[in-house]
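Protein chains: 4
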Amino acid sequence: MCGIFGIAGHPEAAALVHLGLYSLQHRGQESAGIVAVSAEDGARPLRTMGLVSEGFTESALQEMRGEIGIGHTRYSTAGTSTIENAQPVLARFRGGHIALAHNGNLTNATELRRELEDAGSIFASTMDSEVVVHRLARAEDADPAKALAAALQGVEGAFCLLVVLGDTMLAARDPRGWRPLVMGMLGDAVVFASETCALDIVGATVVREIEPGEIVSVRNGEIVSHTFARSPSLHRCVFEYVYFARPDSSVFGGSVDRARRALGRQLAREAPAPNADFVFSVPDSSNSAALGFSEQSGLPYELALIRNHYIGRTFIQPTQSGRDAKVKVKYNAVRELLNGKSVVMVDDSIVRGTTTRGLVALIRAAGAREVHMRVSSPPITGPCYYGIDTPTREELVAANMTVDEIGEHIGVDSLAYLTLEGMLAAPPGGPGGFCHACFSGDYPTPPPADPDKLRFGCGC
Amino acid sequence: MCGIFGIAGHPEAAALVHLGLYSLQHRGQESAGIVAVSAEDGARPLRTMGLVSEGFTESALQEMRGEIGIGHTRYSTAGTSTIENAQPVLARFRGGHIALAHNGNLTNATELRRELEDAGSIFASTMDSEVVVHRLARAEDADPAKALAAALQGVEGAFCLLVVLGDTMLAARDPRGWRPLVMGMLGDAVVFASETCALDIVGATVVREIEPGEIVSVRNGEIVSHTFARSPSLHRCVFEYVYFARPDSSVFGGSVDRARRALGRQLAREAPAPNADFVFSVPDSSNSAALGFSEQSGLPYELALIRNHYIGRTFIQPTQSGRDAKVKVKYNAVRELLNGKSVVMVDDSIVRGTTTRGLVALIRAAGAREVHMRVSSPPITGPCYYGIDTPTREELVAANMTVDEIGEHIGVDSLAYLTLEGMLAAPPGGPGGFCHACFSGDYPTPPPADPDKLRFGCGC
Amino acid sequence: MCGIFGIAGHPEAAALVHLGLYSLQHRGQESAGIVAVSAEDGARPLRTMGLVSEGFTESALQEMRGEIGIGHTRYSTAGTSTIENAQPVLARFRGGHIALAHNGNLTNATELRRELEDAGSIFASTMDSEVVVHRLARAEDADPAKALAAALQGVEGAFCLLVVLGDTMLAARDPRGWRPLVMGMLGDAVVFASETCALDIVGATVVREIEPGEIVSVRNGEIVSHTFARSPSLHRCVFEYVYFARPDSSVFGGSVDRARRALGRQLAREAPAPNADFVFSVPDSSNSAALGFSEQSGLPYELALIRNHYIGRTFIQPTQSGRDAKVKVKYNAVRELLNGKSVVMVDDSIVRGTTTRGLVALIRAAGAREVHMRVSSPPITGPCYYGIDTPTREELVAANMTVDEIGEHIGVDSLAYLTLEGMLAAPPGGPGGFCHACFSGDYPTPPPADPDKLRFGCGC
Amino acid sequence: MCGIFGIAGHPEAAALVHLGLYSLQHRGQESAGIVAVSAEDGARPLRTMGLVSEGFTESALQEMRGEIGIGHTRYSTAGTSTIENAQPVLARFRGGHIALAHNGNLTNATELRRELEDAGSIFASTMDSEVVVHRLARAEDADPAKALAAALQGVEGAFCLLVVLGDTMLAARDPRGWRPLVMGMLGDAVVFASETCALDIVGATVVREIEPGEIVSVRNGEIVSHTFARSPSLHRCVFEYVYFARPDSSVFGGSVDRARRALGRQLAREAPAPNADFVFSVPDSSNSAALGFSEQSGLPYELALIRNHYIGRTFIQPTQSGRDAKVKVKYNAVRELLNGKSVVMVDDSIVRGTTTRGLVALIRAAGAREVHMRVSSPPITGPCYYGIDTPTREELVAANMTVDEIGEHIGVDSLAYLTLEGMLAAPPGGPGGFCHACFSGDYPTPPPADPDKLRFGCGC
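From first to last, the protein sequence lines stand for chains A, B, C and D. Using my numbering, you'd call the opening residue of the first sequence number 1 and step up by one each time. Using my numbering, you'd call the opening residue of the second sequence number 1 and step up by one each time. Using my numbering, you'd call the opening residue of the third sequence number 1 and step up by one each time. Using my numbering, you'd call the opening residue of the fourth sequence number 1 and step up by one each time.
It is possible that part of the hints are untrue.
The list makes no distinction among identical chains, and a pair is therefore deemed to hold if it is satisfied within one copy or across any two copies.
Claimed, not checked - No more than 25 Å apart at the CA atoms, straight line, and that leaves these computed lysine to any residue pairs for SDA-like:
#, residue 1, residue 2
1, 330, 254
2, 341, 295
3, 146, 327
4, 146, 187
5, 330, 351
6, 326, 84
7, 326, 40
The set of hints was computed from the structure by calculation and includes no laboratory data.
Go ahead and model the full structure; you've got the sequences and the hints to work with.
This is the structure:
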């Protein structure tokens, strides 16, 4: 996954992009980057592996002059974890520079890349996003928005894009609207971000979402909207509500916190645990859902699992004694609460099942008598081709076991998932217009041509 | 503040100390260190500035052989932030090596140091802890526990100590019992830690607290208890319950989570906010207290403030636009919850008031109609001389303003603190035996001789 | 300037490239890089800013599998000092991967880039070398050598190239032969390097130079020679003999040490200093020339200047007392030798004059009575467009002062440069076929279109 | 070995110490340190592992205020390579601070340490130098020079010391005068350094050597000389002339360059090689001696071995192909010079023989017909207990083989060492007053008590 942020028309553009990326760090922790554009210095890139808070020095940021800036936080799989794949992409072409930041995943990138290669293009990275840069460079229209519209013809899949062409900033969202992208204002400056929490941090006010199939261009303070494509149907990623977005954000026009509360309430309706003593969450992503479960069920909400936030990304595991150390170093259970109790543990999803299994063991070791697990989304049975870094089908526990088998595998007394209908009914605005392919198998596009999606492609 | 951890009788001692320090990181993030002792290699130190998760390489840890290990996490003020002051202290003397890790603060270290200097001792650091090492080296008894008992005669103030003398591990706690120290077992190995959460992470079971005035010695699996001093009174730090310890720990024999819940309930009794719409916490340290307030008052508990855990320790602030950026980069408010509401914000304490003021501004910017702040401890009116890194009296907002003035200063509609009696009644086991000097001015010892406590002294 | 090294047909290709780059470090210290190519893993890049000895970890090198490898050391000016500009370039195209390492400078890169941009190409770096990669990707011939020949049609300027296309390694040298490139054998493996000293370090034997206008291709052990262009004239850089190459190397078929000795002898013939007491060199690059001067003149050779090799690249200068500290930290004079003497100081060239002036002051401070400077090349009056990083004309002391003025400026009693004829007569093989544009103004090509050559271009 | 530098009475003391250490880097590359002392800030330490040019930041240096500063460069063996052992030592005692920098090795440190430990001292490092600090802290005289004189009573072995006690700087040299120490003036400031090259770099003028058995104290510009001990005999380290000191330095009152020239001339007299074609040195330490050999013998001096100065301290060796790579990466031979020739290779000493053997192989591989090795000192048959880091007797090739065997082992046609008498006659001032224990076995003190000298001890 990725987070993108852009600002046009502010003298401290790069500093604000930097600040905005702090708020989008949850969308990607592998690498981060900023491109700033000024009339004098042109476009300057700054990229780092790792966290926004660690990779940039103050002196490097101060050299990033200009009133236009875009930034990117990226998560990707190990195979392609190199600085070459950090975004924003910055390239020079006949029209000057192109800077591009992408959230999403193009499903026909392999085909598009082959076409470009046949026309003589060379590729500096293994990211699908690079095909859009090439297509932009080859677009014949001098108008940036028209050039981007032309470049996006035939591009399939999920994309929210921030592009700088010369002194024009462009924001685009694919016709099915998979990923969120919001526009705000900070004084006279125009701001774009994956989530509203990044507008909050810079003090910008939310104006509206970028529409599916829309390009918004900003140049010298003038904001123009263009429609580059229409889709028969909307496929906004429901997993943004379930897990991915921050609870203080509003995405697709709805509050994430409110959506998760509704998921939790619905879960309590569908799968109550009437005899339990209390309910608790796997912090922090499931806090809202667990609170919703508590609210609906009347069971008290307790803080039975504590998360350690000082872990860092590389954990050195002791050889013998360290089994389960990875889970233990991240979570601990509150014995005084759990001892002798029948409890409901709410989590937003189960992917491989490994962490969940460790957590259940932790809960039981702290004395819990009965563990009833409730999941605020349906079983994940297929990979996501639209930007979420789900593992292959072989690794997805729910693609290989029944719910009962999973319950036994992770060691709970009962296990229940939210239904597809229940999940889709929860977010504000009604059940329509969501992509739920990883839960339902109902993929709105053909899968990518390349069988090994993790090697090639993936701007996010 | 500091966290200490030790293990004796385990082939992977250093690896387990490392793991234990992960769980004590909240007690000190400035530096961390490990000393491992083996019959072949003697005592080897490994120290780093910064976090446990960042400073040690796997290869360095693997060279830390031996069945005995102690470790330390340290927080201290800027003036003495150097690797020389990272603990454990390791020194050589006629008896071999002394390794020592200290949590607390000695109030007569200046006098003790002067005595030692008069006898010809030299000091390699500015830590008060070093006086104990010198006194140990000068102790005449060959028996390690007796030598430590002798060394501690006349030492005033707060100390939990882990010491390795030769192949003997010693754990000691000052007679007033200011800081927590617990003993556990992992198979045949004996484990000591500041908090039980560190026993949990290595899989050890809790045996008991080290008693005030007790030394426990461990050698070749034999555990012996000694009493080196008796105190007329117990002065356990109540702030460990209020803020410092982790909620999944048990300190002084009581659950931190349960104590905080009781503080929150008491706060709701003493200072209700009957017309508010809901209550929320300043995460994460106040979650339990806010939940207690909700439980007692019947007001719903909401997640209205979201904390960003990806910030790191150095934050590069934009020049113009960045006012309040420090608070905003750490916290964000959930507009959809707060807009138009009258709310209760629960925090565990107010120190300088700067962060609180920024938070209230954030809450109001998100649309809150009324903000009622409730604090789950009394106003802090004096510095701590016993290990907590409170600022000087000049910087303590409650030492310089009345409660009403503070309320106005931070911009709330109402502000109430818990009473001293209310706070002391909350922890399990009754109100007696606590140090509450920073709240009440009732200091059980004279203040340290050195006026500038931050320069000299402070093992923690 | 740059150094390039390649090997094909050896199981430890990357390790040997790494070793070879140690010997080419004098040709560029700004960045270094290696690309290794294996049938299984494809092409992998590894790049670093700074020195070969500092930037690569053993584990990273061990992951560089494959029997083909090329490497590059690069020096460039500050403006473009980024990891994006570190070579080898690695790109993907319809035919797979292209890896390219370049020594030299293309004089029509701006025009070639414009053509490519008009055809839709995008550029990831600011290096002139990237145009060759694009032209290769667009070449229609499937045969790698023919594709490279086609790509090089119309490319003007100085280039020695090492290219990997699929499993074929290619070495090419521009028709005028500006830069050296030599081929050797290590068992059955074929090795290419800028200088023979890099063949020595890996234990390879010298076979021959790559001819101007020649492409050598190596695939599965088969070595084939192709001629892609013929030039009416040879323009080998005489400055390689004067200063740039290592004295233990043979370039353009002649020994650098022997050439420098001949330059020194010729200098003594042209500009003797009969009454001097002895001659000494500015170490280490002028040692051979000073020895030649001594040999011819009969003056004793002394070690009057000592160079400190522990300086590193960033020197922190004290504020007040540190004037001339930069020269003093690098060189010191031997007072016991110099005191009261009339001496001849031999250097290979004077660029800005700043260092020379500092050295003369040092020599005088050590007591020298008379300082006669002799330079083993003519005055440098113009920039180099073919790969040497000379400063702009404004900074070249000899472009702005007469020899007498320079002598006065640097503070010597007499100053003499070698004549152009004298310099060209020195290298083995006779005076013909050299480029001496920076001395004579006789540029064999038009200067690059871009006035600011330091911004754009410069693969070296 | 170590280098020491101090300055008293200059507003930029630390910056000048830093500059001076650049010139003493050849005396120790393992760690470096500076202590600056000001009336306001007291004594501040700054230490680093590795080189002077790499370890200190400009901002850290700027915080080192005060008019007094001392510094140290240290080489030591792997076992004790930690930051704890970096000097200067800085300790606090009843009188304030003690800062100490030591060059040399105390031969009775074990006994002195035991005495101190018996009196209750603890040791923070494994350096012998720390005993002097303890003895100073225990000295009863308030006068710094008298205190130092008292502290040095009974201290055996080699020491040049720079000490700061309060605002007094002290320089001391052991009665036998093993190591050099010189005093200079920079304006009104007093400067001390191991070698005169460090006075040159800061622009100070040489005043005189510190005498054996002398303490010089400097306070508020007043310079006072004290005699703390007299020795029946002088034992200045002749190896300083042979190898250790820089050729541009004057040590023990004589020019190192001139001494080495005389060693080379004497070598040519004792062991000529009349039929050889030329003579060359192993650069850079043997350049002077080889030039002396050339001068005396009439054989031409050639630059047949080239040294690569870009190697760094960690060299990653390829597995199969890399045999001898360590020598090859550091040196290369000039084939055009050596091919078919009979040559004389001059080196200053042979320690283990490994490098020499590699060099001879290199020379032969470059085509040399005959290799005659001449060594400008006698065979090293025993370890040094006075500061030079010679390996154990087992590793010294000349302690285990005859000269003929060594010649065969390293693969030369003839091998000759300088005689003891020849060596002692070379330095200016006559043959008396030198320590030649490592050559002759004539140790002026008993060896240190601790059999494993590399573990304990060694301030240098």
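Hint check results:
{"no.": "1", "hint": "330 / 254", "verdict": "between (31 Å within a copy, 23 Å between copies)"}
{"no.": "2", "hint": "341 / 295", "verdict": "both (19 Å within a copy, 19 Å between copies)"}
{"no.": "3", "hint": "146 / 327", "verdict": "neither (50 Å within a copy, 41 Å between copies)"}
{"no.": "4", "hint": "146 / 187", "verdict": "neither (27 Å within a copy, 59 Å between copies)"}
{"no.": "5", "hint": "330 / 351", "verdict": "within (17 Å within a copy, 29 Å between copies)"}
{"no.": "6", "hint": "326 / 84", "verdict": "neither (30 Å within a copy, 31 Å between copies)"}
{"no.": "7", "hint": "326 / 40", "verdict": "neither (50 Å within a copy, 31 Å between copies)"}
When held up to the earlier numbered hints, the structure conflicts with 3, 4, 6, 7 and fits the remainder.
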